[in-house]
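**Q** Listed here are the chains, written in short residue letters.
Number of protein chains: 2
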Amino acid sequence: MLNFELQNPVKILFGKGEIAKLNTQIPKEAKVLLLYGGGSIKKNGIYNQVTSALQGYDYQEFGGIPANPEYDILLDALTIIKEQNITFLLAVGGGSVIDGVKFLSSAALYEGNEPWDILANGIRTEVGMPFGTVLTLPATGTEMNSGSVISRRSTGEKRAMGGPGLFPQFSILDPTVVASIPQRQLANGIADAYTHVMEQYMTYSVGADLQDRFAESIMNSLIATAPKLMQDPSDYKTAANFMWCCTMALNGLIQKGVPTDWAIHVIGHELTALYGIDHARTLAIIAPRHYHHFLDNKKEKLAQYGERVWNITEGSIEERAKAAIEKTEAFFHSLDIPTRLSDYTDQYEGTAEKVSETLRERGWVALGEHKAVTPEAVKTIVEGSY
Amino acid sequence: MLNFELQNPVKILFGKGEIAKLNTQIPKEAKVLLLYGGGSIKKNGIYNQVTSALQGYDYQEFGGIPANPEYDILLDALTIIKEQNITFLLAVGGGSVIDGVKFLSSAALYEGNEPWDILANGIRTEVGMPFGTVLTLPATGTEMNSGSVISRRSTGEKRAMGGPGLFPQFSILDPTVVASIPQRQLANGIADAYTHVMEQYMTYSVGADLQDRFAESIMNSLIATAPKLMQDPSDYKTAANFMWCCTMALNGLIQKGVPTDWAIHVIGHELTALYGIDHARTLAIIAPRHYHHFLDNKKEKLAQYGERVWNITEGSIEERAKAAIEKTEAFFHSLDIPTRLSDYTDQYEGTAEKVSETLRERGWVALGEHKAVTPEAVKTIVEGSY
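First to last, the protein sequences are chains A and B.
Reminder that position 244 of the first sequence reads as 243 in our numbering, one-by-one numbering, no gaps.
Reminder that position 236 of the second sequence reads as 235 in our numbering, one-by-one numbering, no gaps.
Hints are computed from structural coordinates only; laboratory data are not their basis.
Any given hint could be a false lead.
[As the list claims (entries may be wrong)] Reference listing, derived: stretches of chain A covered by chain B, where coverage requires no fewer than 3 residues with Cβ under 8 Å from a Cβ of chain B:
1) 7 to 13
2) 146 to 152
[Stated by the list, open to error] In silico DSSO-like pairs for lysine-lysine, Cα to Cα no more than 27 Å straight-line:
3) Lys15/A x Lys326/B
4) Lys15/A x Lys300/B
5) Lys370/B x Lys236/A
6) Lys42/A x Lys227/A
7) Lys255/B x Lys10/B
8) Lys10/A x Lys10/B
9) Lys227/A x Lys255/B
10) Lys10/A x Lys41/A
11) Lys255/A x Lys10/B
12) Lys300/A x Lys370/B
13) Lys227/B x Lys15/B
14) Lys353/B x Lys370/A
15) Lys236/A x Lys300/A
16) Lys326/B x Lys300/B
17) Lys255/A x Lys15/B
[Claimed, not checked] Listed next, with one range per pair, are the computed distances between beta-carbon atoms:
18) Glu306/A x Asn43/B: 34 to 40 Å
19) Gly55/A x Gly314/B: 57 to 63 Å
20) Val205/A x Thr259/B: 41 to 47 Å
Each residue gets a CB set at the ideal place from its N, CA and C atoms; glycine is no exception.
With the rest of the complex left out, here is chain A:
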């Protein structure tokens, strides 16, 4: 096991009816900005629950934060925060809204002239403006971690930020919100959480037996939950388990003491930037090719995964590893998620060169657990995904 530090102060309020407790979590004297996305919360009743709980608070609203939270739109919210002397941010939404609010939490207290520098220069956020979240779309785990990913359409960039100042003060997870999520987003949520686990698990062994088993538990639970969820997202037990799996997949716990990879995410982000493909689907496109390409490095862990998650016990280590990759791709297909770039765009020719070149320009000389994912390897992986 590698040395590690773990501290996650986020307060989770989990369960039906917990949204009403907002007024026990936000300081009474706070000047609140309520932020949300495209307005689905006004259709599914969450907006009403939130505003009821905010009765008595001095609050304003900012809606319209899009998927892949867009820097230029967030700057409009930042203006309001500064002009109105906002002191507390409340994100009501999925990963995009919460990630956007994390950027605002940091930018609100940032003393430089250009907030994009926080992302471009990798400035760590030690203290941000306090914020809480009401999660409406389980997937990214951002409700219980201190990371964020922000997009900037004008330059085609997608950048990450983080730091201990970006943990939410609280996150409210009410599984009844899952009932109104469209099938496509449910499938994305499962694929996203599943790939998060793989990025932290499918690496060389350091004997961290418990972390391996926890990761396998989340994957097993997502596999067991997925068909039930797709069939009836209004089933509370199913929705609750889906929601908790997504949070545990990326709240930091399973990555402690082990090497992580994350190359699939870095490559996938470029596919979103180029073609607007849903984040989770880019992961499903890249993951099988990534694991095939690095079979030599990863075959032992892939075989362990095959055995403990997919009950693959026959064949050599390499055969079991390959069978495990096939099972993974079939799992994405079972969610109606295609796993070839050509399923999403006709313009795929040349993508491998573009992605590879873009990563090179960004200074990503080598990704992955062994820093072996060079621009050349990226090219091969993306080419294999056509």
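With chain A held as given, fit chain B onto it using these hints.
**A** Quick look at chain B alone, frame taken from chain A:
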């Protein structure tokens, strides 16, 4: 899944060499009291590591906190804390030292006349004196939770306390400390952690699939680790996994959203009070009898446990449940832990009546997941353990 709140702010520093970071975790201006147990830390080098890291601090020492931390001895430490205007407590030891320091953290700021009232009246500690821990004996998980159990020999009592003020500011877990732990304490640590998991898992199902799988992961990992640990506790990977399993077994995570039981602990505490039997061993005595007695309530979960932890797939649910209890008892035996009261004392006659009556006097009218563990049931369970 049941509704739950989760917040665990403890900072964990895990790994070889982390003790040297003490001086980055304790405020420089703090007036520190270093507390420890019987002095084994002076033999195994931990004392030297700690005092080296405390160079430059204004600190004093209080040694001699015994197993099952004794109230009267802790009062002596409390006097020092008050007379010397101590502002920060540092516990270096196992569960007993840390639990003792938690009591002191609470008592130091308690405004009543009689500190025992905190325990006797179940007063929740909202704010305590800040403290950190250096764990030297993995077992109880107290290094990452906000609970404590204190004994009072003069009255034969053993009482629990807790509250958000009792989370350590930090806990340092260096697996190299495991090498010098005697076999008996290693066995106790495994049995203790294992039973902690069972108390939070062997209850009626609420569909909390991920929590079940996490609990099973810890048990599977402890089972895989135990023989290696008993053979060579100086193996770093083995020691690290043992240590992390013990912490995760009782840091609050796996109990969130599920019913818990804890009757085994309440009954076991009385056996420690009566005969001085090691805490972990009282659990090994009571657990098999408790599960047999409540087979009807628990057989589904016992069968699931049998299948996922012990690979028991043959027979009816009841048969599999019984086989799982047998496997559990055999696991304790594999650690050289006897599981009959008569293995520990010749004076066992009448114990069932005594324990049952004592619990009745303490107002424990009913324990366990269904509040079905009446004094009568306790009597039967303890009698069955002779």
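**Q** To test your reading of the hints: which numbers does this structure violate?
**A** When the structure is compared with the hints, numbers 2, 3, 12, 14, 15 and 20 turn out to be violated.
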